[in-house]
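2 protein chains.
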Amino acid sequence: MLPDDITTPAFLIERSVLHRNCDRMRRKALDSGVAFRPHVKTHKSVEIGRIQHGGWTGPITVSTLAEAEYFAANGFRDITYAFPIAPDKLARVAALAARIERLSVLIDSERALHAIEEYHASHGHVFDVFLKVDCGYHRAGVDPDSPDSVRLATAIARSEAARMQGLLTHAGHSYNASGVEDIRRIAAEELACLTRFRALLATEGLGETLRSVGSTPTASVVDTFSNCDEVRPGNYVFYDAFQATIGSCALADVACSVLATVVGSYPERGALIVDAGALAMSKDRGPDHVDPQFGYGIVCDISLRPLPMRLVALSQEHGKIEAHTHVPVGTRLRIIPNHSCLTAAMFDRYYILDRGKVVDQWKPVRGW
Amino acid sequence: MLPDDITTPAFLIERSVLHRNCDRMRRKALDSGVAFRPHVKTHKSVEIGRIQHGGWTGPITVSTLAEAEYFAANGFRDITYAFPIAPDKLARVAALAARIERLSVLIDSERALHAIEEYHASHGHVFDVFLKVDCGYHRAGVDPDSPDSVRLATAIARSEAARMQGLLTHAGHSYNASGVEDIRRIAAEELACLTRFRALLATEGLGETLRSVGSTPTASVVDTFSNCDEVRPGNYVFYDAFQATIGSCALADVACSVLATVVGSYPERGALIVDAGALAMSKDRGPDHVDPQFGYGIVCDISLRPLPMRLVALSQEHGKIEAHTHVPVGTRLRIIPNHSCLTAAMFDRYYILDRGKVVDQWKPVRGW
Numbered sequence: 001m002l003p004d005d006i007t008t009p010a011f012l013i014e015r016s017v018l019h020r021n022c023d024r025m026r027r028k029a030l031d032s033g034v035a036f037r038p039h040v041k042t043h044k045s046v047e048i049g050r051i052q053h054g055g056w057t058g059p060i061t062v063s064t065l066a067e068a069e070y071f072a073a074n075g076f077r078d079i080t081y082a083f084p085i086a087p088d089k090l091a092r093v094a095a096l097a098a099r100i101e102r103l104s105v106l107i108d109s110e111r112a113l114h115a116i117e118e119y120h121a122s123h124g125h126v127f128d129v130f131l132k133v134d135c136g137y138h139r140a141g142v143d144p145d146s147p148d149s150v151r152l153a154t155a156i157a158r159s160e161a162a163r164m165q166g167l168l169t170h171a172g173h174s175y176n177a178s179g180v181e182d183i184r185r186i187a188a189e190e191l192a193c194l195t196r197f198r199a200l201l202a203t204e205g206l207g208e209t210l211r212s213v214g215s216t217p218t219a220s221v222v223d224t225f226s227n228c229d230e231v232r233p234g235n236y237v238f239y240d241a242f243q244a245t246i247g248s249c250a251l252a253d254v255a256c257s258v259l260a261t262v263v264g265s266y267p268e269r270g271a272l273i274v275d276a277g278a279l280a281m282s283k284d285r286g287p288d289h290v291d292p293q294f295g296y297g298i299v300c301d302i303s304l305r306p307l308p309m310r311l312v313a314l315s316q317e318h319g320k321i322e323a324h325t326h327v328p329v330g331t332r333l334r335i336i337p338n339h340s341c342l343t344a345a346m347f348d349r350y351y352i353l354d355r356g357k358v359v360d361q362w363k364p365v366r367g368w
Numbered sequence: 001m002l003p004d005d006i007t008t009p010a011f012l013i014e015r016s017v018l019h020r021n022c023d024r025m026r027r028k029a030l031d032s033g034v035a036f037r038p039h040v041k042t043h044k045s046v047e048i049g050r051i052q053h054g055g056w057t058g059p060i061t062v063s064t065l066a067e068a069e070y071f072a073a074n075g076f077r078d079i080t081y082a083f084p085i086a087p088d089k090l091a092r093v094a095a096l097a098a099r100i101e102r103l104s105v106l107i108d109s110e111r112a113l114h115a116i117e118e119y120h121a122s123h124g125h126v127f128d129v130f131l132k133v134d135c136g137y138h139r140a141g142v143d144p145d146s147p148d149s150v151r152l153a154t155a156i157a158r159s160e161a162a163r164m165q166g167l168l169t170h171a172g173h174s175y176n177a178s179g180v181e182d183i184r185r186i187a188a189e190e191l192a193c194l195t196r197f198r199a200l201l202a203t204e205g206l207g208e209t210l211r212s213v214g215s216t217p218t219a220s221v222v223d224t225f226s227n228c229d230e231v232r233p234g235n236y237v238f239y240d241a242f243q244a245t246i247g248s249c250a251l252a253d254v255a256c257s258v259l260a261t262v263v264g265s266y267p268e269r270g271a272l273i274v275d276a277g278a279l280a281m282s283k284d285r286g287p288d289h290v291d292p293q294f295g296y297g298i299v300c301d302i303s304l305r306p307l308p309m310r311l312v313a314l315s316q317e318h319g320k321i322e323a324h325t326h327v328p329v330g331t332r333l334r335i336i337p338n339h340s341c342l343t344a345a346m347f348d349r350y351y352i353l354d355r356g357k358v359v360d361q362w363k364p365v366r367g368w
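Respectively, the protein sequence lines represent chains A and B.
Counting along the first sequence from 1, when you hit position 248 you're at 248 in this note's numbering, and nothing is skipped either side.
Counting along the second sequence from 1, when you hit position 287 you're at 287 in this note's numbering, and nothing is skipped either side.
There may be inaccurate statements among the hints.
Claimed, not checked - Part of the chain A face toward chain B, derived, beta carbon under 8 Å:
1) E69
2) D108
3) L342
To be verified - Label pairs and their in silico Cβ distance ranges:
4) P306(A) to H19(B): 33 to 39 Å
5) G124(B) to P292(A): 47 to 53 Å
6) E118(A) to R355(B): 29 to 35 Å
7) D31(B) to S178(A): 54 to 60 Å
8) H326(A) to D78(B): 23 to 29 Å
9) L307(A) to S303(B): 47 to 53 Å
10) R285(B) to E118(A): 36 to 42 Å
11) D78(B) to L307(A): 37 to 43 Å
12) V290(A) to H326(B): 49 to 55 Å
13) L304(A) to G136(B): 31 to 37 Å
Please keep in mind that the hints were generated in silico from the structure rather than gathered at the bench.
On a predicted model such as this, the values are computed, not experimentally measured, just so you know.
Glycine included, each C-beta is placed from N, C-alpha and C at the ideal position.
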């Protein structure tokens with residue numbers, strides 16, 4: 001059983017599940033013959049970054065420059081900063097890029113390209129650049145059906161300030177799926193969209209531009225990666241209640257949970273209070289498009305067996321559980337988070353478990 | 001104007017507004033003749049803890065033992081840990097209590113009292129104890145109308161393991177109010193409920209038990225504190241979009257905002273992307289009981305003037321704004337958070353502004 005000396009709330013990782021998730025995705029990429037550049041934003045931990053690459057400091061994707069700097073300081077040499085670059089961050093990008101093999105940035109506007117060109121004109125730095133393409137998520141990225149997008153791609157390819165690294169898309173709309181077939185359809189559309197856009201660019205003389213794709217739902221449900229050149233999933237290292245619900249994984253594939261203690265028990269109103277609130281779990285509502293009553297995580301016993309209880313409300317430090325069995329104050333529960341990326345970021349320390357024993361503690365980076 | 005060298009997203013505090021909020025609440029308590037024990041969980045910063053007390057390290061309320069230890073290490077000597085005590089945290093409580101004047105804990109069950117008595121039996125420590133009373137919020141606390149609650153209060157008062165410090169309630173249901181009158185009604189009910197329960201205890205010989213109350217909405221709308229002995233508001237130091245919407249404060253009273261940079265501009269679909277996502281803002285939905293379309297914060301220009309834009313979606317690092325005017329990539333915006341407690345906790349550093357200049361940087365404590 002778990003040692004009693006872990007202060008709750010605590011973020012727990014099942015080592016064997018983490019390794020299984022990492023190995024499976026890495027092998028799928030290897031067997032598919034595509035480049036593997038996993039995202040590290042879910043865990044922000046160099047230890048897990050290495051596990052994603054089977055022990056090696058391979059190519060990675062990050063969501064903040066703080067992550068880029070931290071992973072670079074720990075031996076990772078080829079990093080894609082997969083977030084639209086803000087002009088005022090170029091100096092920081094150039095400084096880090098000079099210290100590693102490659103730090104690629106993302107642009108999706110002429111304004112960003114101009115910013116890079118201005119920086120190049122005064123400082124001489126040449127940026128490795130991905131063009132971000134919107135294949136249906138409609139968050140960031142250029143419209144692949146617009147002539148403006150072709151013009152921007154051509155301008156990047158010809159710019160002295162840039163080395164074109166390829167096209168990058170993220171099928172975030174796969175998170176809106178309600179099942180595996182839905183995810184498969186979105187994955188196929190994403191790949192078709194990117195491949196079509198690349199063909200359009202080829203007619204402009206851009207050659208075989210690299211196609212980089214990534215989202216855990218799409219990467220998880222396909223048997224093999226095809227019609228792309230690089231994959232960038234991230235959440236798969238842990239998965240979470242959301243991914244299990246939409247069909248990206250089984251519940252047994254979720255590698256993380258939050259250990260909490262029952263601090264209040266009110267059987268007369270069918271409620272428990274645990275010491276895992278919004279600052280432990282995050283206020284992510286999870287797959288409420290599948291189940292509006294889902295709650296803020298899956299409540300389990302200490303052995304990770306789901307219990308007939310719902311985490312119905314979170315305030316800063318209080319988690320309120322609807323429960324119709326009596327659970328004494330002091331009982332420890334484990335809660336599978338709705339969104340492991342947001343939950344992991346709430347903790348300064350991860351406890352690594354192997355057969356119920358804490359075998360290691362890792363500290364993630366945070367901030368920007 | 002703001003200096004360009006702040007990396008976004010960043011948490012900004014307007015010093016004059018912070019001081020005004022702190023002074024106003026402290027004076028109201030002073031003028032009312034009640035004890036003032038402000039909560040520090042909203043900011044978790046010793047600098048602001050001192051400002052709450054007009055420069056002094058006065059009595060405070062905390063929500064975690066990490067806060068208690070941090071504030072104690074910085075000279076705060078009288079602390080109420082206003083969260084139901086977990087039995088396995090008693091050793092940590094006793095260790096800290098031995099180093100300061102008073103560290104009170106909260107209990108609301110016989111099980112917790114037994115835990116204290118067991119600890120006392122083996123270690124001799126006597127705990128300062130508040131009985132948590134539920135005056136309508138129904139999160140934690142004993143039912144003031146139940147004979148069991150009178151029995152528990154009497155048992156605490158008579159226990160050798162405890163020094164009864166008083167009755168403590170939190171009108172968290174005031175957050176469900178939609179306006180000032182509604183908040184006033186809840187405030188009056190809370191006070192009446194606690195006073196009635198105290199009278200019940202007096203008939204059992206418990207004397208004039210201290211009545212401690214606290215919630216920012218109720219503390220903000222009353223002109224004077226009456227029918228209580230101690231007040232514990234916390235959020236009022238910053239306030240936020242939620243408090244301004246339900247009527248606890250004016251929008252000009254909100255002392256904090258998140259500085260963000262526009263990294264994507266998509267006028268064809270009326271959208272902007274900023275670099276403040278869920279890890280900067282938190283996913284708190286704010287006053288959606290007043291306005292279901294409220295969004296994740298109030299989008300303002302760099303001078304904190306609200307703009308006709310809505311922060312409609314947050315993913316990990318992306319904030320998506322619905323905007324019908326063109327805003328160039330690189331533009332800086334400020335977002336007034338829905339829930340300042342959760343947003344502040346996302347940042348390791350606060351930037352303190354005075355007339356548009358950064359005059360200080362403070363680092364809050366985090367964790368448990």
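Quick rundown of the hints versus the structure:
Evaluation of the E69(A) hint against chain B yields a violated restraint, the C-beta minimum of about 11 Å exceeding 8 Å. Hint status for D108(A) relative to chain B: holds, with the closest Cβ pair at about 6 Å, below 8 Å. Taking 8 Å as the C-beta contact cut-off toward chain B, the hint placing L342(A) at the interface holds, the least distance being around 6 Å. In this structure the supplied range 33 to 39 Å is violated for P306(A) paired with H19(B), their Cβ-Cβ distance being about 49 Å.
Between G124(B) and P292(A) the Cβ separation comes to about 52 Å, which falls inside the hinted range of 47 to 53 Å. Restraint check, E118(A) to R355(B): a C-beta distance of roughly 31 Å satisfies the suggested window 29 to 35 Å. Our hint of 54 to 60 Å for D31(B) and S178(A) holds, since their Cβ atoms are close to 57 Å apart. Between H326(A) and D78(B) the CB atoms are about 36 Å apart, so this pair departs from the stated range of 23 to 29 Å.
Between L307(A) and S303(B) the beta carbons are some 51 Å apart, a value that agrees with the proposed interval 47 to 53 Å. At about 40 Å, the CB distance of R285(B) to E118(A) agrees with the hint of 36 to 42 Å. About 39 Å separates the C-beta atoms of D78(B) and L307(A), a value consistent with the hinted range of 37 to 43 Å. Separation of V290(A) from H326(B) is about 37 Å and departs from the stated range, judged on CB atoms against 49 to 55 Å.
Separation of L304(A) from G136(B) is about 36 Å and conforms to the stated range, judged on CB atoms against 31 to 37 Å.
Comparing the model with each numbered hint stated earlier shows that hints 1, 4, 8, 12 do not hold.
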